[in-house]
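Trainee: The primary structure of each chain is shown beneath.
Number of protein chains: 2
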Amino acid sequence: MTESASTPARVDGPPKVTGAAQYTADIRLPGMLHAKVLRSPHAHARLISVDASRARAVPGVHAVLTRDDLDGVSAYGYFVKDQPVVAIDKVRYVGDVVAAVAAEDEATALAALARITVEYEVLPSLPDIGTALSPDASELFEQAPPGVVPPFGPGVTATLRPRRNVCYEFQYETGPDSAWDECDHIFTDTFRYSRSNHFHLEPFVTVADVRGDRIEIWSSTQNPFPLRKELARVLGTTESKIRVNVPYVGGGFGSKNNCRTEPIAILLSRLSGRPVRFCLTTEEGFLTMSQHAAVVTVTTGVRADGTFVARESKILLDSGAYSDASPLVAQKSGYRMPGAYRWKHIRTSCECVMTTTTPAGPFRGYGAPQVAWASESQVDMIARRLGIDPYELRIKNFKALGEPYLPGESSVDSDMARGLDVVADELGYHTRERLPNRGMGLAASLKDGGGMNKPATARVKIASSGDVYLSCGTIEIGQGAHTALTQVVVDVLGCPRDKVGYAPVNTDATPFDHGTNASSGVAVMGQAVQFAAEDARDKVLAFAAGQLDCKPDDLTLEGWAVRLGDEVTPLAPMITAAFGNTGFEFSGEGYCKAVVTPDAPLVAESVFWENSWAGAEVEVDPDTGKVTVLQLVVSSDVGKAINALTCRGQDEGCAIMGYAQALFEEMRFSPEGVLLNGEALDYRVPLAEDLPERFVSLTQEQGHGPGRLGAKGAGEGAIIPLAAAIANAVQDAVGVRITELPLSPQRVFAALSTAEKPSTENHQEQA
Amino acid sequence: MTESASTPARVDGPPKVTGAAQYTADIRLPGMLHAKVLRSPHAHARLISVDASRARAVPGVHAVLTRDDLDGVSAYGYFVKDQPVVAIDKVRYVGDVVAAVAAEDEATALAALARITVEYEVLPSLPDIGTALSPDASELFEQAPPGVVPPFGPGVTATLRPRRNVCYEFQYETGPDSAWDECDHIFTDTFRYSRSNHFHLEPFVTVADVRGDRIEIWSSTQNPFPLRKELARVLGTTESKIRVNVPYVGGGFGSKNNCRTEPIAILLSRLSGRPVRFCLTTEEGFLTMSQHAAVVTVTTGVRADGTFVARESKILLDSGAYSDASPLVAQKSGYRMPGAYRWKHIRTSCECVMTTTTPAGPFRGYGAPQVAWASESQVDMIARRLGIDPYELRIKNFKALGEPYLPGESSVDSDMARGLDVVADELGYHTRERLPNRGMGLAASLKDGGGMNKPATARVKIASSGDVYLSCGTIEIGQGAHTALTQVVVDVLGCPRDKVGYAPVNTDATPFDHGTNASSGVAVMGQAVQFAAEDARDKVLAFAAGQLDCKPDDLTLEGWAVRLGDEVTPLAPMITAAFGNTGFEFSGEGYCKAVVTPDAPLVAESVFWENSWAGAEVEVDPDTGKVTVLQLVVSSDVGKAINALTCRGQDEGCAIMGYAQALFEEMRFSPEGVLLNGEALDYRVPLAEDLPERFVSLTQEQGHGPGRLGAKGAGEGAIIPLAAAIANAVQDAVGVRITELPLSPQRVFAALSTAEKPSTENHQEQA
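First to last, the sequence lines map onto chains R and H.
Letter 386 of the first sequence, counting from 1, is numbered 386 in this note's numbering, and no numbers are missing.
Letter 98 of the second sequence, counting from 1, is numbered 98 in this note's numbering, and no numbers are missing.
Keep in mind that the hints were calculated from the coordinates and are not lab data.
Where hints are given, some of them may not hold.
Copies of one chain are not kept apart here, so a pair can be met inside one copy or by any two copies together.
In silico DSBU-like cross-links for lysine-lysine, where the CA-CA straight-line distance does not exceed 30 Å [unchecked claim]:
1) Lys551 <-> Lys539
2) Lys241 <-> Lys626
3) Lys314 <-> Lys539
4) Lys640 <-> Lys16
5) Lys539 <-> Lys241
6) Lys81 <-> Lys396
7) Lys539 <-> Lys626
Predicted model only: the values in this text are computed from it and were never measured.
Model the full structure from these sequences, guided by the hints.
Mentor: Below is the structure:
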């Protein structure tokens, strides 16, 4: 809401706008080869034979990788290790990698791929959840791949392969089942969430340089340390032999969380003895990772006065052909079903359904957008069914500030009602004029952030000159982490921003970090950086106190000098006198991690909640079904803004990603499992002209963020309530309830054509 | 003496022998240009004009650097900032850099250089110390360059520009002048030390990549942190804008201690907007840095029984055209004059004489070889004059183990007599048969090591897997630092060597270190690494104790598990449970620095002394003057050997460098100041066939090294006594005393021809 926080310009701005910034795709090593892969044209087929001999003979080809070259190489995945580096027994989606070639240039590699002969035995495809779950569906994995389920807190059950073509099921229950008896109404509705592509501008890319048993990679990854761990396991080596360097990353939105281009680049480098660059095209990005499409069925029991009582949900995630992070997304989806509201009873399950489509994995919001789409749509539907204003129904049922999210969990750290008012007021919700085909909708969401149980460490060095070097594993992925973290350092040390350098990330030297995800860059790493800067500052003061024969507490930093009463003594000469002409550096470390209590089923103490609100005013053209968003208002509570401009940037980018999913984007597959719109032209990313006519983002600083820093994460909140806010506005405008995304003109027009009355066709009232 | 310590093979062996190891010269960046420089053909000339316009017009040339492009750029140097990046008012030696060009390739750069027109006004050259000090010599620096003299302890006087063409004079005096009255004999002798080239196999080379105001370099340097500091000053920027990366370095021997190729590479990159590689040829190396030639006059007063009483020395170092580290070398030279012996009175002075020759700077032994050549030659001469066996005279006068080196200084940490016995016995000194033209000689030396007042810090990270990452600024320059430091880690943590990775050195992330010099890699950094590993281990044990509800002291590390009584609990699952699936890393820091006391004139407490002994048996061919070394025995006391094989390697390499200076190597200049043998063929590096017929090195572990590690530095000791041991053997063989190096056949033959009697022509007895 305020922009009280300072908003200096981004530290990565000048290098990025001048082209000086280096991304992985810019890395060139002497003798570097280029990799390309052969992909399956079939959605599901047994691999009878792979003959790469003709490819190996192509001049300029230095290495060919097929299933025959996987000795000692394991499959990858988060809980379930089911994705081989190249296909072994089967291919499981159109685009599955069958072979890879490293050659002098990409054209030669492509020419060699054309000379690889593959014999397939085609099997029935499983293009969607329904087909995959049908009793006579073919089985994607005949044998169970290795997998483990980590232990959880009370109320949680997690199961591997609970049924055919389901790799994982998450279940959670709390509160007495008898709560249903208190309900005056029980509503069941089903919602469909379409699948999006992450559409990060920088492609998946790795440069690998294997020298003897040492593996060095530069990679566009969000998670250098977990990646190192997984690569060591996949390659059958030890972590200390692998160095992961991460330059600037050009967007990821969750997709760059695990092995992508890394194993193939490494294996080709090992085979060829040369550095190998493996850079996917945008089209190949569509064949590599996607968001989860979902079918969400929600049953909600309420009292006649609108008080929420009990909720049961059944979530089916379309996990695609390999499990990747699906089990983790399933946990989050299932556990986020209660939303911002108070319940006596919750029962939720979420299944990961395997289909012969692009694997689905982490995506901004991490399972929350799918369930918020269902939940926040149904809240409006219930309000209308009960004749209560949806705004009022939300206000009535919000958890209070400080109320535990669920038993054993940390407490909600925003005043949800106050947040909703910010959006409703800006939108003019309460004073709106009723006009034909125009309507307004609201939605609110809440998601745990910061990474459950995930540690971050940081180091700050201060040189004799007062120059500062920040070293931490948070990747600058476009979110402005360098800017915010630099500011944290500046706030502690009082040094000019110009004096703060950012150490390059490599896993050998960089302090451990769990990864750049879960909106943890400022809320978790920010605290670690704060502690590191304070530790370094305290060491400087202790040193100076020793030199000046006083107590450290008597001293304050003032520029690169210490003040003792009225006396200001410059530090540089003091350091030179004590440490010689070469000087010294004072090094401080900081550490931050959410505390997990045994009572917490899945989240933890002292993380933050990423709370966002959205409001939309739409006009629906009844002749075409086109939805025009006249106003879009989004707001997130960041606790305390470190850099207000960057918070706005994150919130607005996130909101527009949700806006795109609400109205435009959708990966569409043919019944044969062929992706129909897997490239930039056909895949309908919104253009500038598609943006809302009025777009307002309001950063709230409610002040309940963790630690002394008080900053909560930003950047995943606004995507969550977006689609429901627009669908709610559409219903407000034209009385039809759309339960499937995106709200394309075709779909809205079809709904307008078939529905006479609003919101009756979908729900079954059971009580 | 023993090889009790474990001697695992070098960790850098496999990458180096397979070619996988990367040196700066291997770095290639996209769009990288190549630099070449125009050098002065005159030893001394005023620069009238430099016209580079035709060079700028050469196709493929992207930047030209002349004195017109030095806005905001300062000169460099240690105490005295007198060396401009390119010549401004004058050139001061043949090879002085006048202009630089960056072009698409080196050939184009060379072609462009040929099109630069320079007008010189030639001035008289100062090819040697004598000419430079003559009253009518021209003055190399008409104006005093900026310089400061740091404060010293008692007895020291340091003066900038004490007289014409002397940039610095160091003086030290201790003990009563009246000591001279106790002397029965006073001998004065003068010795000349010739100038060597460092002859490091890897040339001087820098790759610079300037992007906006950010400067990143890869450089073959021994001192990344001091280099960063000096570059910031030279370039007028702040340290945090400069990142210095240092890959493997292929030898330096002191020459890579300060700005060499760096400023030109950086300025050309800044001018061109492209990365620039500036790699010198071997021939250019000869024109860049050298050892100090010296004229050393020693006056020694002794009692009739051979007891040493008083010594005065006057040392003139040929500093070449720019001061570089000459003042520091002068301090060390002067202060090392007492050698291993006990004195009542010491007075020493050392002047840095500027000549129009290649600048001289740090060189293995750092001024000690020059003065040991004089001192240890004179000890033998005095012994013969007094009719005492040189062995006995040394034994009689050695300082005792534990005796302070000089008042206020730390104590000698070897039994010097015991050390000499090791060599004498191995050589068969006491039992030798007198044969014509055969003789034996001994010498002993002692030098402070570890870097006065210089801090080293290190960090050790231990990942969840038990993999270890060592991060420290000690450069692997061929000395085996990685091997020894890895072993220190392994000794503390008990992990397999294979599990220890070595983080790449860059100044943003690497813990501060003063530099890879002064034999400090193991003795100082080794302790820092030990402390860091112990700190990390203690953190692991504290964590485990918290998990197991016991005290850290009850636990011991056992593999990657902890033992509590009979129970052994693996750590990896414990860490995963506490920190989540992404794991964690425990990070420890270590710090080590010599303590300087106000009483110490120049050295310090708790450093170590690098003590070495050499013995030679020679046969001199009276017809040719050729000296054949039949036996060479060297020994150094390393306190405790971390890796015995590496200690031997250091000692033997060092001894052979001394052997080369004794018999072969010498940079020779014409009266016009032209280097006559500045390339690999003419510069007489010993070949395998030149090596001694019997060559034995014996590592002593006398056990008095610093800290719990107990390791002293190695690698600079054996060069120091080498030349004197051989000259002493020559005198023993044929009765002539050669006082000038190298002991070439011509010089020995000439001495044999003119000298009837040994050792009378050189000394003047004053008492």
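Trainee: Hints broken by the structure, by number, lowest first?
Mentor: Going through the list in order, the structure violates hints 2, 3, 6, 7 and respects the others.
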